[in-house]
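Number of protein chains: 2
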Amino acid sequence: MLNFSVGPVMSSGEVLKVGGEQTPYFRNEEFSQIMLENEELMKEFVYADENSRAIFITGSGTAAMEATVMNVFNNSDKVLIVNGGGFGQRFVELCQIHDVSYDEIKLDFGCNITKEILDSYSNKGFTGFLVNICETSSGVYYDIDLISKFCRDNNLFLVVDAISSFLCNPLNMSAHNVDVVITGSQKALACPPGISIIVLSQDALKRIDDNHVKSMYFNLKELLKDGERGQTPFTPAVGILLQINARLKEIKFHGGVEAEINRVSNLAKDFREKIKNLPMEINTESLSNSVTAVFCNNASTIVDKLKFDYGIWVNPNGGYLSNKMFRVGHIGNLSIQDNDKLIKALYDLHNEGVF
Amino acid sequence: MLNFSVGPVMSSGEVLKVGGEQTPYFRNEEFSQIMLENEELMKEFVYADENSRAIFITGSGTAAMEATVMNVFNNSDKVLIVNGGGFGQRFVELCQIHDVSYDEIKLDFGCNITKEILDSYSNKGFTGFLVNICETSSGVYYDIDLISKFCRDNNLFLVVDAISSFLCNPLNMSAHNVDVVITGSQKALACPPGISIIVLSQDALKRIDDNHVKSMYFNLKELLKDGERGQTPFTPAVGILLQINARLKEIKFHGGVEAEINRVSNLAKDFREKIKNLPMEINTESLSNSVTAVFCNNASTIVDKLKFDYGIWVNPNGGYLSNKMFRVGHIGNLSIQDNDKLIKALYDLHNEGVF
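Here the protein sequences come in this chain order: V and R.
Quick note, the first sequence lines up with residues 755 to 1109 if you use the numbering used here.
Quick note, the second sequence lines up with residues 755 to 1109 if you use the numbering used here.
It should be emphasised that the hints constitute simulated quantities derived from the structure, not laboratory data.
Hints are not guaranteed to be accurate.
Pairs involving identical chains hold if they fit within one copy or between any two copies, as the list cannot separate such chains.
[What the hints assert, rightly or not] With a straight-line Cα cutoff of 27 Å, these simulated DSSO-like cross-link-like pairs (lysine-lysine) come out:
id, residue 1, residue 2
1, Lys968, Lys860
2, Lys979, Lys968
3, Lys1061, Lys771
4, Lys903, Lys1061
5, Lys975, Lys878
6, Lys832, Lys968
7, Lys771, Lys1003
8, Lys1095, Lys979
9, Lys1028, Lys903
10, Lys903, Lys1006
11, Lys1098, Lys1028
Work the whole structure out from these sequences, hints included.
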């Protein structure tokens, strides 16, 4: 199956090879070195400064989102949440559960944030800002420059969920003054799901150190302490961490994060260019490189026919958009030739009158 | 490397094959069917009754321990914890963190629980009982019959952490009146680490339903609700769940849980028989089938020589036992022929005067 999903996505041959190997014992120097290398490469790929840290949680992306809310905020904070879809809503619910005061900026589906919207929240006593920088459901990539400037001007602690944009769109923790970046193994890292990753600035480390968290599994102090020597408090998903190591080194070998972002960006541009003559629309503001939301007739039929007749997997939608839109991911082990197979299939379906 | 560890252990060829495959999309009927099959087989293998449920958490075993403490107990409970090692201590700390009143039964290293000890806690107002039924650090398998009777007589809600004993020693949830069984992917299930599993009796389900948990990721109500249709609230470790499916079906095909327990038990007996003429001692009361703690001279040298000279991995110990004891696991894809290789290596080392 050729997979244009937004996750889990197709892994490289090297990552699959590691997945097929026996899991080694991990309480030793060999594994510690791999974990320390994972931390260094993660920091490098989000341009974190040298006093930052990266930690690896065995869990879904939501585990990292919840651990972040619990560890870097408390009931003396008042945070602003960009809520433009399901994952923005998740931050809202996490703040509710953990008694963090919040206000939400609700955005319409597919719409970007603007300076005017942000300005209306200036000087209102907020202490933190949370955003899913790519809203995966619509493919919007929120304007990080605007958000960064707003947070700097208002002295806000900035948390960026980059689960579906890491390695797709540039994110510079140092230049954008980002305090926390969250991502996961199964998006552009193109490994199986099961590990989520949090990169923490020095300010974030201080907040964690000062906070008291009612959790053992999500106590980031302990993860950070054991992480200093490349270990974890509890048995982690060793196999996936080894796959992440193979993948991070693969990216580094092929020119690093900029080369990988270019590759994904070129795949996205190529696809968007090649569907221009089809009766399909891309009406998202500020497109992320990771995914294209394609609006057309009979979207759910297209998804099914691609799957059953062509062995091509694209992301369907639930709810009111199910027959109006599908999503094409540009992440994972895909090539221009793979795009061409998808485009040819779409032309076939168009010629058959499916849409 | 021939791995006699207590985890992560060696996987079968079929499980490794699945590990080397691309991760499929999982929000569909195919994956739901696999998850429902996983639930049924897990219930069957712990003899849970038909109203029980099994859920799969993407996380370490500690994630399942913490989720259990948070979801089935609250501050109106008073629980009794068997603390005979590191994992009993972990239950103690989890109860402290989550404000569950507790008392602990401290046991010396390698010692089993007795009727006399238990009787001294009768009629003391306890509501729950937590035990790591196999204390992995020493290999003791606590007397489940005694514990079960004590809990029945005192009307205690019984939580059994069977992380390192599931598939090694018989555990019958129905006959032993066990309310919660916790296990993980990386012990005798012989899959990579990353998934922990909780099997819940009808009483446990009622407790969860009545409880209010301050957590999104560890809200078992949501996991149970989505699990009804074979799904999960958040992206799970799809690959490991597919490996678990392959493994559970493999066990079923080869005669089910009793055949697997027999196989592990025979490996343990064979090893223990074959070291009898060596200057090694097994002084654990009530041996688990999963692991043998072997006491001898120069234990840490033996561990190193086995690793570097023979490519055989056994578990070293930290702390004061590091040079006095090592542990040999009998779980994972091991055979009598593998035992013979280990025994031959031990005889070699003995003849060389290493111990």
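Please name the hints from earlier in the document that this structure breaks, with their numbers sorted from lowest to highest. 4, 5, 8, 9 and 10
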